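Number of protein chains: 2
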Amino acid sequence: MHKILVFNNVSMDGLFSDSDGGVGWAKRDNEELTEYVKQSRGDISTYMFGKTTYQMFAGFWPTPAGKAANPYFAKILTEGRKVVFSKSLKRADWENSVIEPKADATTIGRVRKSNNGDCLIFGSGTLVRDLTEKGLIDEYQLVLNPVILGSGRPLFSPLPKSVELQLLESKPFKNGTVLLRYQPLKLGER
Amino acid sequence: MHKILVFNNVSMDGLFSDSDGGVGWAKRDNEELTEYVKQSRGDISTYMFGKTTYQMFAGFWPTPAGKAANPYFAKILTEGRKVVFSKSLKRADWENSVIEPKADATTIGRVRKSNNGDCLIFGSGTLVRDLTEKGLIDEYQLVLNPVILGSGRPLFSPLPKSVELQLLESKPFKNGTVLLRYQPLKLGER
Numbered sequence: 009m010h011k012i013l014v015f016n017n018v019s020m021d022g023l024f025s026d027s028d029g030g031v032g033w034a035k036r037d038n039e040e041l042t043e044y045v046k047q048s049r050g051d052i053s054t055y056m057f058g059k060t061t062y063q064m065f066a067g068f069w070p071t072p073a074g075k076a077a078n079p080y081f082a083k084i085l086t087e088g089r090k091v092v093f094s095k096s097l098k099r100a101d102w103e104n105s106v107i108e109p110k111a112d113a114t115t116i117g118r119v120r121k122s123n124n125g126d127c128l129i130f131g132s133g134t135l136v137r138d139l140t141e142k143g144l145i146d147e148y149q150l151v152l153n154p155v156i157l158g159s160g161r162p163l164f165s166p167l168p169k170s171v172e173l174q175l176l177e178s179k180p181f182k183n184g185t186v187l188l189r190y191q192p193l194k195l196g197e198r
Numbered sequence: 009m010h011k012i013l014v015f016n017n018v019s020m021d022g023l024f025s026d027s028d029g030g031v032g033w034a035k036r037d038n039e040e041l042t043e044y045v046k047q048s049r050g051d052i053s054t055y056m057f058g059k060t061t062y063q064m065f066a067g068f069w070p071t072p073a074g075k076a077a078n079p080y081f082a083k084i085l086t087e088g089r090k091v092v093f094s095k096s097l098k099r100a101d102w103e104n105s106v107i108e109p110k111a112d113a114t115t116i117g118r119v120r121k122s123n124n125g126d127c128l129i130f131g132s133g134t135l136v137r138d139l140t141e142k143g144l145i146d147e148y149q150l151v152l153n154p155v156i157l158g159s160g161r162p163l164f165s166p167l168p169k170s171v172e173l174q175l176l177e178s179k180p181f182k183n184g185t186v187l188l189r190y191q192p193l194k195l196g197e198r
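If you read the sequences in order, they're chains F and W. In terms of the numbering used here, the first sequence opens at residue 9 and continues consecutively. In terms of the numbering used here, the second sequence opens at residue 9 and continues consecutively.
Because the hints were derived from the structure by calculation, they are not lab data. Accuracy of the hints is not assured; some may be wrong.
Going by beta-carbon spacing under 8 Å, a handful of chain F positions derived as facing chain W [unchecked claim]: (1) G22; (2) V155; (3) P162.
All of these numbers come straight from a predicted model, not from anything done at the bench. Don't be surprised by glycine CBs; every beta carbon is placed ideally from N, CA and C.
Model the full structure from these sequences, guided by the hints.
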């Protein structure tokens, strides 16, 4: 069964963006992580986004600046199938994009079933929170950055109940980040 | 120079206590961590607390239940010098305790200077936040627990500005926790 994966940078205090909504504090100069992800991750066939991250990505990765910034990511993101969850978005012009109005179990099941590989969610805080609440995430791949932001937006809060996890891997990198891979413990496994 | 260390459990989403103020989610059945801490940590001569944690600890560790729960911690905590920072507390009856009204650079400097070893802060969220803001913490030893609490009290927020850290160590344990050791980057090192 293909998986729904979350990949995000977080601060040491669990924040996803700083008090200005910025993510400039995340250490993105990490060749080591890029190589590690390339080698260790299974095939990703679909990228899933909320509206905000989709629009940000669609305005950057297909452009010459995006291609120059990271040719590998620019290529895989542009060529991959993209699903953007939004009730308000009318058009999604980045190639291979479809809009889905509802991030529920039915839609996720349909996307998952029609895939040749795993689905990856980048950024998209609201979508991550919603799918976490619905128990629809199979694995979290979080890059813990060596910074206490002290204020900003939590990746998960608020959730009506806690989610127990199993640690799959922790891997430190030279730039001080730590990749943490977790899977939720399903009810029967607790 | 003796250090001021913070040692705390945090959830994967950076929370220090859950929405009921509880810490029952933290995995404390960790012999591996206890052994590791015993062997790797330098001499601790003083424990520093905020009022809430001090009162909780003073009501448990010197009792038979506390001694039965973890004889090692009961002994080192009871025998160690204890400083509780509080403006309102009138008495601190647990042996070797002193009350300090102000958690500022002068007091911390005095405590640090009169020590034979390092100072360790357990729990004490408000104290940790205040000393972090004042740049008076030398090292954070955080045990990252495999749980998304989703709501509760952040260990650090709100802080008026972010604190950049250097990762000293990350060590996973069999129970799914990860010990993360960080030191703040002082201004000159950034």
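Hint check against the structure, violated hint numbers in rising order: The structure conflicts with no hint, since it agrees with every one listed earlier.
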